[in-house]
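J.: One letter stands for each residue in the lines below.
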Amino acid sequence: MSTVPDDLQYSKEHEWVRADGDVATIGITHFAQEQLGDVVFVELPEKGATVRQFSSLGVVESVKAASDIYAPISGEVVERNVKVMEKPELVNTAPYGDGWMIKVRLADKGELTQLLSPTDYRSHIGETAGAGGD
Amino acid sequence: MTIRTQVIPDSGVKTAVPALEPLLVEIHEEGRAGRHVRGGEEADALIPAAFARKAPLGLPELSEPQVVRHFTHLAQLNYAVDTGMYPLGSCTMKYNPKINDRVASLFADLHPKQPQSTVQGALTLLAELEGMLAKLTGMDAVTLQPAAGAQAEFTAILMFKAYHQKRGEGAKRHRVIVPDTAHGTNPASAAMCGFQVTTVKSDPHGNIDLASLKAALGDDVVGLMLTNPNTLGLFEERLREVCDAVHAVGGLVYGDGANMNALLGVARPGDLGFDCIHINVHKTFSTPHGAGGPGAGPLCVKEPLRAFLPKPWIVRDEQGRYHLDTARDDQPPAGLGDSIGRVRTFLGNFGVLVRAYTYMRTLGEEGLAEASNDAILAANYLLAQLREHYDVAFDRACMHEFVLSASRQKKQGVSALDVAKALIDEGFHPPTVYFPLVVPEALMIEPTETEPRETLDAFAAAMIRIAERAKTDPASVKASPVHAPLARLDEVTAARNPKLKWQRPT
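As they're listed, the protein sequences go chains P and Y.
Sequential numbering of the first sequence, starting at 1, is according to our numbering.
Sequential numbering of the second sequence, starting at 1001, is according to our numbering.
Be careful, since some hints might not be right.
Only part of the chain Y face toward chain P is listed, based on derived beta-carbon distances under 7 angstroms [to be verified]:
hint, residue
1, 1437
2, 1489
3, 1491
4, 1495
Under the rule of at most 30 angstroms between Cα atoms (straight-line distance), these lysine-lysine pairs were calculated in the DSBU-like manner [unchecked claim]:
hint, chain 1, residue 1, chain 2, residue 2
5, P, 47, P, 83
6, P, 87, Y, 1410
7, Y, 1411, P, 109
8, Y, 1501, Y, 1014
9, Y, 1214, P, 12
10, Y, 1501, P, 87
11, P, 12, Y, 1411
Since the hints were derived computationally from the structure, they do not count as laboratory data.
A virtual CB, placed ideally from N, CA and C, is assigned to each residue, including glycine.
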């Protein structure tokens, strides 16, 4: 599995988006889970809640730190991944699969243009690694 | 059998690792007791049957020496400032002079509900402490109520809210700004007061980024929460401009005083542009802490915020006698005025405040300044020895603490956590790791002023040995600690599936 799949869009804060019609699935990237280390807790908004682009939508907590998850796009939460809340290790083992976070009904498809392409995201984390990460 | 050993770094002496201590319930023996309570059965008869227990309480039964030995063994397992260097960054684990406890014990028999006329000494001490803290921080008024730093933050943000409401701007101001290096309690305190949090990034020198801050400011801003020196151990170089920018939009500047140990007699937050600052007396003024306190977090404020301070206030009358501005302690304050009201029962954690008072009186103004200067010197002395061996997040002269990055070691397969665990085998308490969040593989080291040079050298030597082992034998670093009562703990399972309750073996 690629660490930056080609069929997704990305945020600078290390979230990914898979848009499918009106609905988009959101998760955190392989790079993000690697930086966090073993994830032990995930807090997600309830169905029906609204999330705003680049605002905090929830929290992911590892043995190292608790970090905000930022919404890469705005919209209404149509589903949240209950499985990842019960088994937070899914974020580490399958960040682009069973470790997804929420599905939202897009409020504004135009927002997708503000996200990074796989190529841009690769160079973004390349820069971050240059600043001291791995 | 092998007897495992540990090294005492101060002396180099090897000693056996103490064995783990069983739980009290595991050494329980039915019918054993430390004291025999006479008249128990007669008392039982007085309890109506409906209220009597059906099953025994299940408390462990032990003799007095068993209990004493149990707790003594636990104390022997403990690592404390009294047993060795404890460079836990941000926590200021300095030595706590024993005279503090001796003076606090003089007040042990006071009751918080005693008539005020009988506790004039205690009230005088508190009033004098308020004055000393105001002078040291360059502020005008002080409340001693908050039980710790986080509660002082909460108190201050409530006061900011009241201040803006009083000026008719309560409705439009709803955002609190924090830097990305802030203690986690800062955004939490703002959120608890119902405000939104805006995070501002750090610049390449480790300061709050002035341009980003200015972009985030507006007339909807409640204020800025700022730690100085910041959590990277660096003095905010453009502090005056930062404070001016916040004031220009009508916001207030909150000083998180967690790092006050670098500033005593060096710089006064009130002169630097802060509108208020809290003091973690349990850090800066040497009262025991760690593992949950108790602490105390006095909040010192400028004149415009005085009216909003929690009540009751300690007031001195014309005869020089002290009283509280409430008629009785169990009634709401008579004249609440603009005050946000009480945030803590009675007058705060009195015993801790007495220890802080004693520390300040023992050192005096010159002694406090010397303590801060020595803390800064000790940190820079260590940084100078370690900067070749570890990456330095922002390499400039530090204040009382500094942040290393184990990024170089990470490439060799050794993380900051592994370095911390290896330090246990070297006989030292590990530093704070993975904070602040802006530094990858962070190791935050605060030696404090109370370590002698030999101990600082021994710590630096241990850190350098670990860096060398990361190059030549990373597996051994990852396997540490081996000279501790417990080997590497499974922190992930502990967090994912915590066992929070002892269960009787069946």
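J.: Please go over all the hints and tell whether each is borne out by the structure.
T.: Quick rundown of the hints versus the structure:
1. 1437: Interface hint status for residue 1437 of chain Y: holds (6 angstroms vs cutoff 7 angstroms).
2. 1489: violated, 10 angstroms
3. 1491: holds, 5 angstroms
4. 1495: holds, 4 angstroms
5. P:47 x P:83: holds, 14 angstroms
6. P:87 x Y:1410: Holds, because 27 angstroms separates the two Cα atoms, which is no more than 30 angstroms.
7. Y:1411 x P:109: Violated, at roughly 41 angstroms.
8. Y:1501 x Y:1014: violated, 36 angstroms
9. Y:1214 x P:12: Given that 30 angstroms is the threshold and the Cα spacing comes to 22 angstroms, the pair holds.
10. Y:1501 x P:87: Status holds; Cα separation ~22 angstroms.
11. P:12 x Y:1411: holds, 24 angstroms
The structure is inconsistent with the numbered hints 2, 7 and 8, although it conforms to all the rest.
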